[in-house]
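Chemist: The primary structure of each chain is shown beneath.
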Amino acid sequence: MTVTEPNPTDTTPVELVTLTIDDVEVSVPKGTLVIRAAELIGTEIPRFCDHPLLAPVGACRQCLVEIPDAGNGRGMPKPQASCTIEVAPGMVVRTQVTSPVAEKAQEGMLEFLLANHPLDCPVCDKGGECPLQNQSLSHGASESRFIETKRLFPKPLPLSSNVLLDRERCVLCQRCTRFQSEIAGDPFIALLERGAQQQIGIAPDVPFGSYFSGNTIQICPVGALTSADYRFRSRPFDLISVPSVSEHDACGSAIRVDHRRGKVMRRLAGDDPEVNEEWITDKDRFAFTWSRQADRLTTPLVRNPATGELEPTSWPGALAVAARGLAAAAGKAVLTGGRLTVEDAYAYAKFARVALGTNNIDFRARPTSKEETEFLAAKVAGTPVDVTFADLERATAVVLVGLEPEDEAGTLFLRLRKASRQGVQVFALGTHTTRGLTKMNGTLVPTVPGQEAAALAELAVSPGTIILAGERLATIPGALSAVATKATESGARWAWVPRRAGDRSALDAGCLPNLLPGARPVASAEARADAAADWGVPSLPDEVGLDTDAIIAAAASGELGALVVAGVDVDDLADPALARDALRSVDFLVSLEVRASAVTALADVVLPVAPPVEKAGTFINWEGRQRPFHQVLIDAPALTDVRVLAGIAEELGRPIGIRTTAEAAAEWRELGPWDGKRIVFRGRKPAAAKTAAGKVVAGRVVLDTWKQLIDGGRLQDGADFLRQTAREPVLRASEATLTACGVQPGQRATLTGPSGSASFIAEAAFMPEGVVWAPTNSGVHLGAALGVAHGGRVSLTGGER
Amino acid sequence: MSTLKETLWDPVAGFGVTFRTMFKKPVTEKYPFEKVPTAPRFHGRHQLNRWPDGLEKCVGCELCAWACPADAIYVEGASNTEDERFSPGERYGRVYQINYLRCILCGLCIEACPTRALTMTNEYELADDNRAALIYEKDDLLAPLLPGMLEPPHEMLISDDHHDYYRGKSLPIVETTSGPETAS
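Protein chains in written order, with numbering that gives the first Met the number 0: chain A, 0 to 800; chain B, 0 to 183.
To be clear, the hints were calculated from the coordinates, so they are not data collected in a lab. All residues carry an ideal CB built from backbone N, CA and C; glycine is no exception. One thing to keep in mind: the hints can contain errors.
The calculated DMTMM-like cross-link candidates involving lysine to aspartate or glutamate, where the alpha carbons are at most 25 angstroms apart (straight line), are [what the hints assert, rightly or not]:
#1 A:K154 with B:D70
#2 A:K77 with A:E106
#3 A:K417 with A:D185
#4 A:K694 with A:E799
#5 A:K154 with B:E136
#6 A:K154 with B:D159
#7 A:K149 with B:D160
#8 A:K154 with A:D204
#9 A:K154 with B:E81
#10 A:K262 with B:D70
#11 A:K149 with A:E181
#12 A:K154 with B:E75
#13 B:K168 with A:E167
#14 A:K29 with A:E85
#15 A:K149 with B:D159
#16 A:K262 with B:E75
#17 A:K149 with B:D163
#18 A:K154 with B:E154
#19 A:K369 with A:D548
#20 A:K694 with A:D548
#21 A:K149 with A:E192
#22 A:K417 with A:E392
#23 B:K137 with A:D237
#24 A:K154 with B:E83
#25 A:K262 with B:D160
#26 A:K154 with B:D160
#27 A:K154 with B:E89
#28 B:K168 with A:E147
#29 B:K168 with A:E192
#30 A:K369 with A:D570
#31 A:K77 with A:D22
#32 A:K369 with A:E525
#33 A:K438 with A:D570
#34 A:K676 with A:D533
#35 A:K262 with B:E89
#36 A:K149 with B:E89
Derived contacts from chain A toward chain B, CB cut-off under 8 angstroms, selection only [stated by the list, open to error]:
#37 P121
#38 V122
#39 F231
Whole structure, please, built from the sequences with the hints as guidance.
Modeler: Have a look at this one:
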C-alpha cells in the first residue's frame with residue numbers, strides 16, 4: 000500500500016502529536032489516523048475498508064481498538080474504529096496486542112463478517128491473497144459457531160463485461176464504491192437495499208462503464224469482485240509476479256505482471272506514489288493478449304522472388320537478404336513507430352546513421368509538421384524531468400491543449416482529477432465538455448480545432464499554471480509555438496504529453512531527422528563529431544533527414560530505394576492511402592514486427608521481434624522519467640529490435656557495436672544528453688483565422704477527433720471483455736450545426752472526406768458551430784476512411800452513405 | 000577354520016527349515032492367475048466421478064495439482080457454455096492428466112478435492128512398457144457411465160440450480176424395463 004511520502008519541497012514544519020499505543024509512546028504528524036500511527040510502531044490492526052488513498056469511512060468495523068483516554072482524560076466507552084479516529088495529544092490506545100476488549104471486539108466482528116461469507120475459498124480467485132482469509136487466520140476465532148444456512152445470491156452478477164460480482168462474498172467495505180466516486184469519478188456502482196439484503200449493485204440499465212473499473216477488483220479485500228478475464232484461471236500461488244511498466248500510454252504506469260506456464264494471466268496496478276499511485280486504466284490492466292494472437296510472427300519471412308510469397312527462412316538467411324537489399328538500395332529511410340523502448344529506439348537511431356548512413360528516421364507514426372519536428376528537437380528532447388505528476392497537484396491551474404487525458408493518458412487523468420478535488424482549476428481548450436472534463440470539474444475554453452494558438456494567446460495564465468500540450472497540436476500551425484510563447488510570457492510551466500509509450504523514448508534516443516541521440520542537433524558539426532567519436536565512426540551524415548510525411552512522399556515517388564519499418568500502423572499516418580502506395584512501390588521493404596500487419600504483408604523481409612513482455616527495456620514517460628522494466632517471460636525466444644538491427648548491420652559490414660538491451664542502455668547513458676548548443680525553436684505564426692472557422696460552409700465542418708481509450712487499436716486485440724466496455728462511438732456537433740447539415744440527433748450521420756466516408760449516431764452537444772467531433776478509431780479508422788486528420792474539413796450529411 | 004558344528008550340524012539344521020516349511024500353508028499368491036482383493040481403502044488408480052445424470056464433478060480448480068507432492072497432476076480448466084456443458088456451475092476440467100510414472104498414490108489430491116470429483120479406486124495394476132501409456136488422460140480416469148447417466152456435454156438434468164447438485168439431489172427414479180433411459 001502507498002504510504003504518502005512527506006513532500007520534500009514543503010518547508011513548513013510538521014506539527015507532531017504524541018500519543019501512547021500499546022504502552023509505546025509515538026509521535027506522528029497531526030491528523031494521522033490511529034490505524035496508521037499503530038503501523039508505525041509495528042502493530043497491524045486488521046482492516047477491510049481502510050485504504051490509504053481513500054477517505055476514511057469506518058464501514059467494516061474490523062479495526063476496533065480500545066481508547067481508555069481520548070486525550071482529554073476521559074475514555075471512549077466502547078471500542079472505536081481506529082481507521083476513522085485521528086490522533087490527539089495524550090491519547091492512549093490499546094490494540095488487540097494489549098487489550099482483551101479490542102481482541103474480543105475484532106474476533107466478534109470477523110465472526111459477523113464470516114456469518115454470511117461462503118466457504119468457497121478453495122475455488123475462489125482471491126484465495127491465497129485474500130485479506131479476509133489472512134485476517135481470519137491471524138485475528139479470528141478458530142472455529143465457527145454459525146450452523147445456520149447462509150444467505151445466498153445468484154452469482155456471478157455481471158456489473159460490466161469486465162467486472163463480475165459475487166454478492167455472497169462481499170463484506171460491504173465500500174472500497175469499490177468509494178474508489179469509483181472519489182478517484183475515478185464514475186459512480187456507477189453503489190450500495191443497494193438495507194439490512195441483511197444490503198448489496199453492491201448497478202442501476203438496471205446502466206452498466207459499470209468506467210475506464211478504471213479494474214482497480215475495484217484489485218482493492219476488493221475479498222473475492223467479491225472478479226475479472227471475467229481472470230476468473231478461475233489461476234491462483235496467486237501459481238503465478239510468477241514481475242513488476243513492469245505499461246506499454247499503453249505515455250504515463251509509464253507501474254504494473255505487476257503475473258504469468259504462469261509462459262502465459263501472462265493478469266496484470267495488476269503497481270504501487271508507485273510518484274507516478275500512478277496505485278491505479279491504472281482498464282486498458283493497462285486487461286489489454287495484454289495482443290502479443291499472443293494467432294497472427295504473431297515467430298520466424299523470419301523472406302519474399303520468394305519466384306512466387307511473390309513470404310516464406311519462412313532461417314535467421315542468418317533473412318538477415319543476409321535484408322542486408323543485401325539495403326546495401327543495393329539508393330535512398331534509405333527508417334520509420335520506427337512510437338512503441339519502442341529507449342534501448343530499441345537508440346539502436347534504430349544508430350542503425351540509421353551508422354549502418355544506413357542516413358538521417359531519414361522518424362518515430363512519429365501520425366500526422367506531423369515541420370513546426371513539431373523543430374519544437375520537439377528544441378524544447379522536449381533530452382530535457383530533464385520538469386513537470387511531474389505531483390506538480391499537477393501543486394499547480395494553481397492546469398491548461399489542457401489538444402489533449403483529452405481520460406482517453407489519451409488515463410493515469411494522468413486520475414492525477415488531474417485528484418488535483419482538481421484539491422482545488423486546482425482545470426481548463427481545456429477544446430470543442431466540447433467531455434465526460435473527463437466534467438469529472439475534473441474543469442472549465443471549457445471553446446476552441447475550434449485550428450484556432451488553439453489564438454485561444455491560448457487570449458487565455459489569462461498565471462505563473463503557477465501548468466500547460467499540458469497533446470500530440471494533436473502537431474497539425475495545428477502555430478499551436479506548439481503558442482504553448483512555448485505563452486509559457487515564456489506568463490512564467491507558466493508546460494509539458495508535452497504524447498499518446499504512445501515510446502514517443503518520448505524515441506525522441507530522447509534520436510529517432511528524429513534533425514536529431515542525434517541525447518538531443519544532439521544533426522546540423523551541428525560539433526554534436527556530430529561528439530556522437531561519431533563515441534560510436535567510433537569517422538563521420539555521420541550531415542544533412543538533416545526527411546520526416547515521416549516526407550519519407551512516405553519520397554518512397555511513393557520512387558526517390559527512396561529501401562524502407563525499414565518497425566511497429567507502424569499505416570492507418571495512423573497522415574495519408575494512409577499514400578502510405579500504402581509508398582510501401583508497395585518502394586523497392587525494398589524490411590519490417591520488424593511482433594504481429595502480421597499491413598506493413599508485413601507488403602514487406603520483402605519480415606523479422607519478428609519481441610513485444611515488451613518478452614524483453615527488458617526502458618520507457619520514458621511524458622515527464623521525462625525513465626521507467627525501466629525487466630523481461631517478464633524469460634523463456635520467450637523472440638529477439639529484441641536491438642539484436643535484429645545489430646544482425647543486419649553486421650551483415651552490411653557496418654556493425655552498430657551493440658547487441659543487447661543492456662549494451663544499448665549503457666551506451667545511450669554514456670553518450671548522455673548534449674551540453675552544447677541546442678536547436679533553436681523559431682516558432683511559427685498561427686494560420687490567419689479563416690472566416691469560415693466556426694461556420695458551416697456548404698455542409699462542410701471542421702473535424703475534431705482523438706482516439707478513445709478503448710477502441711480498435713491493435714494493442715487491445717484479444718481483450719474482448721475490455722472491448723465490450725468501450726464507449727458507444729457517437730458523432731457530436733451543436734444542434735445548429737446538425738440542423739444546418741440536415742442531421743437529426745439520435746439518427747445516423749455521415750462524415751465524408753477525400754478518401755471516403757464514415758457514419759456514426761449523431762448526438763447534439765454544446766459546441767461551437769461548424770465543428771464536429773468523432774472518435775478516431777472506434778469501429779472505423781477516420782484517418783483511413785476519410786483521409787482527414789484532426790483539424791481538417793469534412794462534410795457532414797444525414798443518413799448513411 | 001570351521002568347527003565341527005559348522006561342518007556337520009549346520010547343513011542338517013538348514014534342511015530342517017526346508018523340511019518343516021513343506022508342511023506349512025504357502026504365503027505365495029498366484030498373481031496374476033489369482034487376484035486377491037485389496038484392503039477396502041487401498042490407494043489405487045484415481046477416478047473422476049460423475050453426478051447421477053452423468054455430468055462431471057470436476058470443476059477444474061487445480062487444487063489436486065497443487066496438493067500433489069510429486070507434481071503428477073496437470074489440469075486445465077475451461078468455462079461451460081450454454082451449448083456445451085460438462086459440469087454443473089461455471090467451470091469444468093477440460094484437460095485432466097495424471098502421470099502414473101510420478102504418482103506415489105499418497106491420496107493428498109483426494110483430500111484436496113473440494114467437490115469429491117477425484118477419488119481412488121482399488122485398481123493397482125499400473126504397469127506398462129512406455130511412458131505415454133502411463134500418462135492417464137481424462138478419458139481414462141472418468142468413471143464409467145452408470146444406468147441413468149448420459150455422456151456430457153448435456154444440460155443439467157437434475158436441477159436448473161447447480162446448488163441442488165451439491166446438496167445431493169438426485170434424479171427422480173424412473174422404472175425402466177430395458178436398458179438405461181434418461182429422466183427428463
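Chemist: For a quick check of understanding: which of the numbered hints are violated here, in increasing order?
Modeler: 1, 5, 11, 20, 25, 29 and 33
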